[in-house]
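Quick note: the numbering used here has the sequence shown finishing at residue 72, numbered continuously throughout.
It should be emphasised that the hints constitute simulated quantities derived from the structure, not laboratory data.
Hints may be right or wrong, so weigh each one.
[Said to hold, decoys possible] Only pairs whose alpha carbons sit at most 30 Å apart, straight line, appear in this in silico DSS-like list of lysine-lysine: (1) K53 <-> K67; (2) K24 <-> K66; (3) K67 <-> K45; (4) K66 <-> K45; (5) K67 <-> K24; (6) K53 <-> K66; (7) K24 <-> K45; (8) K24 <-> K53.
[To be verified] Now the in silico label distances, taken between C-beta atoms and shown as ranges: (9) A33 <-> R3: 23 to 33 Å; (10) E54 <-> P2: 28 to 38 Å; (11) A44 <-> L65: 26 to 36 Å.
What you are looking at is a predicted structure, and each value in this text was computed from that prediction instead of being measured.
Virtual Cβ for every residue (Gly too), placed ideally from N, Cα, C.
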Amino acid sequence: HPRLRCFVSHAGLNSVMEVARNGKPSILVPIFADQIRNAQFLEAKNATIVITKEEFNRDTFSAALKKLLNDK
């Protein structure tokens, strides 16, 4: 959607495909299995910010969201 400013997902295959296709800023929080590899792939391409489930908290999420919304 054109008004979408940031996409947040667990990095499942469908979500990763949407991020790659639409080029929208995203925050991925992989939980297990292929989600970790999917998130690392997009992070290596500078296409997302990844927060591991161990690092995820209000502060890390807020910092990632501010970075995506404020960086041009």
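Hint-by-hint comparison with the structure:
no.	hint	verdict
1	K53 <-> K67	19 Å, holds
2	K24 <-> K66	15 Å, holds
3	K67 <-> K45	17 Å, holds
4	K66 <-> K45	20 Å, holds
5	K67 <-> K24	14 Å, holds
6	K53 <-> K66	19 Å, holds
7	K24 <-> K45	13 Å, holds
8	K24 <-> K53	22 Å, holds
9	A33 <-> R3: 23 to 33 Å	32 Å, holds
10	E54 <-> P2: 28 to 38 Å	34 Å, holds
11	A44 <-> L65: 26 to 36 Å	21 Å, violated
Hint violations for this structure: number 11 only, all remaining hints satisfied.
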